[in-house]
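> Sequence:
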Amino acid sequence: MKFFWLVPLLSLFCAVAFAEEPSSGRLLIVTSPGCPYCLEFEKTVGKFYHKTAIGKRFPLTEINNTDPPAEFLDLAWDIRFIPTFLIYNKDGKEIARFRGYRDEEAFWTEMEKAIRAKTGTP
Numbered sequence: 001m002k003f004f005w006l007v008p009l010l011s012l013f014c015a016v017a018f019a020e021e022p023s024s025g026r027l028l029i030v031t032s033p034g035c036p037y038c039l040e041f042e043k044t045v046g047k048f049y050h051k052t053a054i055g056k057r058f059p060l061t062e063i064n065n066t067d068p069p070a071e072f073l074d075l076a077w078d079i080r081f082i083p084t085f086l087i088y089n090k091d092g093k094e095i096a097r098f099r100g101y102r103d104e105e106a107f108w109t110e111m112e113k114a115i116r117a118k119t120g121t122p
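Taken in order, the sequence shown gives residues 1 to 122; the numbers are from the numbering used here.
Certain hints may be false.
Stated by the list, open to error - Below, a list of computed lysine-lysine pairs in the BS3-like style, where the Cα atoms sit at most 25 Å apart:
1. Lys56 with Lys93
2. Lys43 with Lys56
3. Lys118 with Lys56
4. Lys93 with Lys113
5. Lys90 with Lys56
6. Lys90 with Lys47
Just so you know, these hints were derived from the structure itself, not from any lab.
Turn these sequences into a full structure, and let the hints guide you.
What follows is the structure in structure tokens.
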């Protein structure tokens, strides 16, 4: 009974420790079925992107350019190079765009450079 006061304190600590970082926007990737670069991205980055610090700040949404959701129809048909990555701020404004996927290192370099240039933070 002496340590009963620890329960609320522990609950508060857990809530703060496991709170999700607020989203700063989102990352869209426009893909195409069978695209080897898109498949490589998914294999090397996409499957764990959501677990990274950048992935938590900029959640990933994949758009298939042959069957895009209605809200992305104009965007998907406007893209000529697959894959294309588009970074949006939390207000829905596009802040950066880069095309192609070479490898994991190049992807993270492009992401960090684009985010730093537009937000001032990596």
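> The structure should be examined with respect to each hint, and the outcome stated for every one.
Results for each hint:
| no. | hint | result |
| --- | --- | --- |
| 1 | Lys56 with Lys93 | 18 Å, holds |
| 2 | Lys43 with Lys56 | 19 Å, holds |
| 3 | Lys118 with Lys56 | 17 Å, holds |
| 4 | Lys93 with Lys113 | 18 Å, holds |
| 5 | Lys90 with Lys56 | 13 Å, holds |
| 6 | Lys90 with Lys47 | 23 Å, holds |
Figure legend: structure checked against the earlier numbered hints; every hint is met.
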